[in-house]
Every structure is written in C-alpha cells, then in structure tokens.
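Q: Single-letter residue listing:
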Amino acid sequence: MKLIMAYIRPEAFEPIREDLLAAGFPSLSIDEVKGSGRQRGMTERYRGSQLTINLRPKLKLECVVESEQVSLVTETILRHARTGDVGDGKIFVLPVEQAIRVRTGESGQEVLQAHESEEVPA
Amino acid sequence: MRPSFLRALVLAVLALVALPAVAVAQDKPSLTQTVVELNTAWVMVAAILVMFMQAGFAFLEIGFSRAKNAGAGVAKILTNFSIAAIAYWAVGFALAFGGSGLIAGTEGFFLDVSSDPTKAASQIPLLETYTIAPSALLFFQFVFCAVSLAIVWGTTLERIKYSAYIIYAIIFAAVIYPVLSHWIFGGGWLQVNFGMQDFAGSTVVHLIGATGALAALLLLGPRRGKFGPDGRPRAIPGHSMPLVGLGVLILWLGWFGFNPGSTLGAADGRFAEVALVTNLAAAAGVIGAVLTIYALQRTIDIGMAGNGAIAGLVGITAPSGYVEFWAAPIIGLVAGVIVVVGVLAIDKKLDDPVGALSAHGLAGIWGTLACGLFTSPRLAELNAVGDPGLFYSGSFGQLGAQALGVAAAFLVVFSVSFAVFYVIKKTIGLRVTAEQEDAGLDIVEHGMYGYPEQFIPLPEMGAASSGPLARPSLGATGSPATAATSRSTTSRTGEVPA
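Top line first, the protein sequences correspond to chains A and B. Under the numbering used here, the first residue of the first sequence is numbered 1, with each subsequent residue one higher. Under the numbering used here, the first residue of the second sequence is numbered 123, with each subsequent residue one higher.
Derived by calculation from the structure, the hints in this document are not laboratory data. Treat the hints with caution; some may be incorrect.
What the hints assert, rightly or not - Beta-carbon label-pair distances, calculated as ranges:
hint: 1; chain 1: B; residue 1: ASP560; chain 2: A; residue 2: GLY35; range: 20 to 30 Å
hint: 2; chain 1: A; residue 1: THR83; chain 2: B; residue 2: PHE577; range: 30 to 40 Å
hint: 3; chain 1: B; residue 1: PRO581; chain 2: A; residue 2: LEU51; range: 26 to 36 Å
hint: 4; chain 1: A; residue 1: PRO95; chain 2: B; residue 2: PHE577; range: 35 to 45 Å
hint: 5; chain 1: B; residue 1: LEU533; chain 2: A; residue 2: THR52; range: 40 to 50 Å
hint: 6; chain 1: A; residue 1: LEU55; chain 2: B; residue 2: GLY343; range: 20 to 30 Å
hint: 7; chain 1: B; residue 1: LEU533; chain 2: A; residue 2: MET42; range: 42 to 52 Å
hint: 8; chain 1: A; residue 1: LEU51; chain 2: B; residue 2: GLY343; range: 16 to 26 Å
hint: 9; chain 1: A; residue 1: LEU51; chain 2: B; residue 2: ILE225; range: 47 to 57 Å
hint: 10; chain 1: B; residue 1: LEU580; chain 2: A; residue 2: THR52; range: 25 to 35 Å
hint: 11; chain 1: A; residue 1: LEU51; chain 2: B; residue 2: ALA389; range: 49 to 59 Å
hint: 12; chain 1: B; residue 1: THR201; chain 2: A; residue 2: LYS90; range: 43 to 53 Å
hint: 13; chain 1: A; residue 1: LYS34; chain 2: B; residue 2: ILE225; range: 53 to 63 Å
Said to hold, decoys possible - In silico negatives: residues of chain A with every beta carbon more than 12 Å from chain B:
hint: 14; residue: MET1
hint: 15; residue: LEU28
hint: 16; residue: ASN54
hint: 17; residue: LYS60
hint: 18; residue: THR83
hint: 19; residue: VAL86
hint: 20; residue: GLN98
Ideal Cβ positions, reconstructed from N, Cα and C, are used throughout, including at glycine.
Build out the structure end to end from the sequences listed, making use of the hints.
A: Here is the structure:
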C-alpha cells in the first residue's frame, strides 16, 4: 500500500476528483495548505504600505491505494494538475504499513476498496 | 375577518376622522409654538441620524482591525457612548451651553428644565436664537460629543487597554469637549471675540477628536510588527474591507444629520441646502482620494476611497453652513487629496490603523480654514458669525480667525489629553502586554472571540465534544464496539447505516 501525497493548484481538484471517482477511488482527503516553491509571491498594497506574501495557497490531496494502482492515480493527478507553469506542485509517494477501517475494525488491502454502489448511503 | 376586529377597525377610522375636530376644539397653537415643534422634530431626526454614526465608527474600526480584535471594537463603542451619555448630561452640557461666559457655562448641571425654550433660555442662552426644545438641544449636542470621542480611539486600535477608555471618556465628555464646544458653538471667546466660523464642527468635533487621538498614539506607540527591523512601515491589513465600506456609508448617512441638523431648525428650509453641500463634498472627497492613490501607487485602495469620503465630509463640516454650492466640490476634492497624502506621510512614523489623524485631523484643519476662503457674504450675515472669506472679501481677516481657532483648539486639547493619558500610562497603564497583544484584545480583555470559529478548532466547540451520535441501527443489537468486532470478518452487506 502507498500513500500518495500531492500538492496541487486548488483549481485542479475538481476534475481530478471526478476522474478518480469514475476510476473507483472514492476515498481521499484534502487539506487547504499554504506553501512556497519556485513560484513567486504576491504583493499586497494596503494604505501605502506593502506586504509580500510568499506563501501561496495550495491544495494537499492524500489518497492511500494498493501499490500497483499508484501510477493510475498519479497519472490522473498529472493530467489535470499540470499547466506547464511554475507553481503546479509536487507529488510524493510514501509506503504505508497498515490500513484499518474504523467502523468495522477490518484491516488490510480490502479497506482500500470502494463499496459496492448499492451499499453506499445516499 | 372576525366581527370584533371589524368593529374595532370601524371605530379606529372614526377616531381618525374625529381627530382634527378634537384638535380644533383645544387651544389653537400659536405660530411660534408650531415653529418650535417643527424645529424640534427636525433636530431630533438629525440627532438620531448622528447617533447612528456610532455604528459607522464601529464597523469602520472593526473592519480596519484584525479578526482577533473584532469583538473589542463593539465593547469599546458601547462603553464610550454610554459613559459619554451620562457624563455629558450631568456636567458637559452645562459647561458647553449653560451661560455665555467666555470660557465655559455655569448653569444646567444634571439638566432638568421645561421643554419651553423661552423659559429655559435664562439658563441656556442659545435658545434665544434657536427655538427648539432644550431636551432636543441637549441630545443633539451630546451625540456630537459622542462622535468626537469615537474619533479619539481610531489611532489606538488593537493595543490599548479597555480601562484606559473609561477614564479618558469621562474627562473628555464632561470637560474637554464641552469647554471647547463652548468656545466655538456656545458663545465663548473664539466665537464672540474672533468670529471663528465652524458650522458643524470640523474643529469642534473632528479636530478635537483627532487631537486626543494623537496624544494617545504618541504615548501608546505602534502595534507590534508595524515597523520592520529596518524601521520601514509594514502593512497590517484590516480583516474586512466590506465592513469598512459599510461603516463609511453609515457615517455618510449620519452626516446628513450632522451638518444639516446644525441649522438647529427646519423653519427656513436651510437644512436642505446644507445637506446638498455636504453630499457634494463627500462625493468629491472620494474622487480626490481615488485619483491621488492611483497616481501614487497605481492601485485603487479600497480603504483610501473610504477615507476620501470621510475626509470630504469632515472638510465640509465647518463650511457647510457658510459656503455656496460651487465651493463644496472644491473643498471635498482638496480634502480627498489631503487625506491620502496625509495617511502615506503619517504611516512612515506613526501607526494610525484607520487614518484618523488624516481623515479627521488634517481634513478638519482644512475644513476650518476653508471657511476663511469660501464663506459667502450672505451666509456670514445669516449665521451672524464672522466675515466673508478671502475669495469674496479679498481680506485675510477671516482666515486668520480660523487659523487662530485651529491653533487654540489643538494646543489646549493636546496638552490636556496628553496629560490625562500620561497619568493613565503611569498608573494603571495604557497598553496591554506584548503577549496579550499577540493573542488579541478579544480573548484577553473580553474573554471571548469576535469570530470564535476562526480561533477555536471545530472539534473543541460545543456539541462536537460530547462524543459521536448514537446510531440507532447499531444500538438495537448492542454497543457499537461489540457489533464492530463481531462483524469484522463477515460480509459487509447491511453494515452501512441507512
């Protein structure tokens, strides 16, 4: 199992989410983060004084999948998150030792599986 | 419709029809009485509009503060307005209008007089000229005092101690403001001996407030982080430009009570002219400020546009009853330019979060001097104060009187205010500690946040901390824990709660 941790532009999230859902990966978390990389900051002008903002808003997307499905997910992210400009973000892939579903206590790879559609509450 | 309701309706209509007959049956009111009633009605409407300016100051200051100090602004406005209300009635009004001494009045403490102006005129000489109910005069003058006091705190946001307000508010509303307003509004030496013109208080209300603000700021120092290690000013953006905009517009509305109400009467319709003059200057103030800030830094600063409106309004406050329509946009435009240049210059050395020193101080000085330039002969005569301005008379006489008034008001208010704030600083302290300033006045001084959701993590708020909701579908077969273990290896069918 691998944890895919992607830092992307916030506006790239919706198409990624749609494609991952269609491909059977409904489980993910996001976090609104601020960070800096090669992208330059913004300048706020306020009543004659300036404030340089180097930390830009990004979206952190986390998703744990079976090891052989990592490339499918990363390709989906790359497809939508890449604009070709500085500031598109980065993807990290980390090993995961264990996965436990809280509701049932079951563990292992089956935790990562999607529910059958009729099981998902409306 | 129920019959009883119908009966009541018919009775009510009949009563309305009969009302004029009843009025005629009583003593016919004299024309003098009607004029008093008309004047009183207008002055009360104007006073209520000016009272609403407290909401304008609240939103303006809260919008220019950071979110961690948003609630403190509410407490401050409520406290100051309330202290001023009692202090001005008890002491202030008597010093301001209770007699025609050169320095201060002496009668009318804890005012309790007949509502007939001619009877009250022995205590309050102003009522010989302006025929309104004494209570209306007191209320109208009090809300002016409260506006002036609200201006004082503009420079002190986000770091002053709550207890410091209370002491200064009492002294300001009971003594400082009343004595100064006596000099210029109430028949004191500046008005009588020098003919200083200040129709609604560019100096009396705005410059005095800003002068108190300067004294407080000099003893208080800048907010932490305002000036970088290199000594250069840094932006500390206020948390809500929409609130700033709301505050500016409420103040603008309130000003239609402030200046037109200073006619202290409605009978000659002059108040409508004053309202138009006021609006022209405010509009020109916005335009002047926006053009200036755009020329200087190529952005249309939202706060500066608001400051422009306020500066235009402050600038026209003194001349509003003395100048013709054509002068108003010029006075407002100049005020709009002054406020932007003033904010940029002052910001290099002093930390004035809302720009009170420029919008009320510099624009107040400009407005007062503008009388010396633009006052028209007919209006100088109508108000029976001073002479026409330089552009009509070719004489610097009136301008000199205006300058003297500005200097006298500034020097006296600054010395007294500085002394009061100095004593507060040396005794109970003027400023919260650095740690408290970082945490924000809301939590430190008031024990609560203005915007709790921004500071208290959601899982630690309210119902969220009392455990997950019980699930009826699981509860029916036993506790959730045992249900989960017993099902860990079974099929997942049916586990999803409906």
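Q: Would you say LYS60(A) is clear of chain B, with no C-beta pair closer than or equal to 12 Å?
A: holds, 18 Å
Q: In this structure, is the beta-carbon distance linking LEU51(A) and GLY343(B) contained in 16 to 26 Å?
A: holds, 21 Å
Q: Is the claim that VAL86(A) lies outside the interface with chain B correct, judged by CB distances over 12 Å?
A: Holds: least Cβ distance 24 Å, greater than 12 Å.
Q: So the hint says 42 to 52 Å: do the beta-carbon atoms of LEU533(B) and MET42(A) match that?
A: The hinted range 42 to 52 Å holds for LEU533(B) and MET42(A), with Cβ atoms some 45 Å apart.
Q: So MET1(A) supposedly isn't at the interface. Is its beta-carbon more than 12 Å from every beta-carbon in chain B?
A: holds, 19 Å
Q: Just to be sure I understand the hint, the distance between the Cβ atoms of THR83(A) and PHE577(B) should be within 30 to 40 Å; is that true here?
A: Given about 35 Å between the Cβ atoms, the range holds.
Q: Return holds or violated for the Cβ distance of ASP560(B) and GLY35(A) against the range 20 to 30 Å.
A: Holds, since ASP560(B) and GLY35(A) (Cβ atoms, about 24 Å apart) stay within the stated range.
Q: Does the Cβ distance between LYS34(A) and ILE225(B) fall inside 53 to 63 Å?
A: Taking Cβ atoms as reference, LYS34(A) and ILE225(B) lie about 60 Å apart, which means the hint holds.
Q: Holds or violated: is the Cβ of THR83(A) farther than 12 Å from all Cβ atoms of chain B?
A: holds, 27 Å
Q: Against the range 20 to 30 Å, how does the distance between the Cβ atoms of LEU55(A) and GLY343(B) compare: consistent or not?
A: Given range 20 to 30 Å: holds, Cβ gap about 29 Å.
Q: How does the Cβ-Cβ distance of THR201(B) and LYS90(A) compare with 43 to 53 Å: does it lie in that range?
A: For THR201(B) and LYS90(A) the Cβ distance comes to about 52 Å; the hint holds.
Q: For LEU51(A) and ILE225(B), compare the CB-CB distance with the range 47 to 57 Å and indicate the outcome.
A: holds, 49 Å
In this structure, every one of the numbered hints holds.
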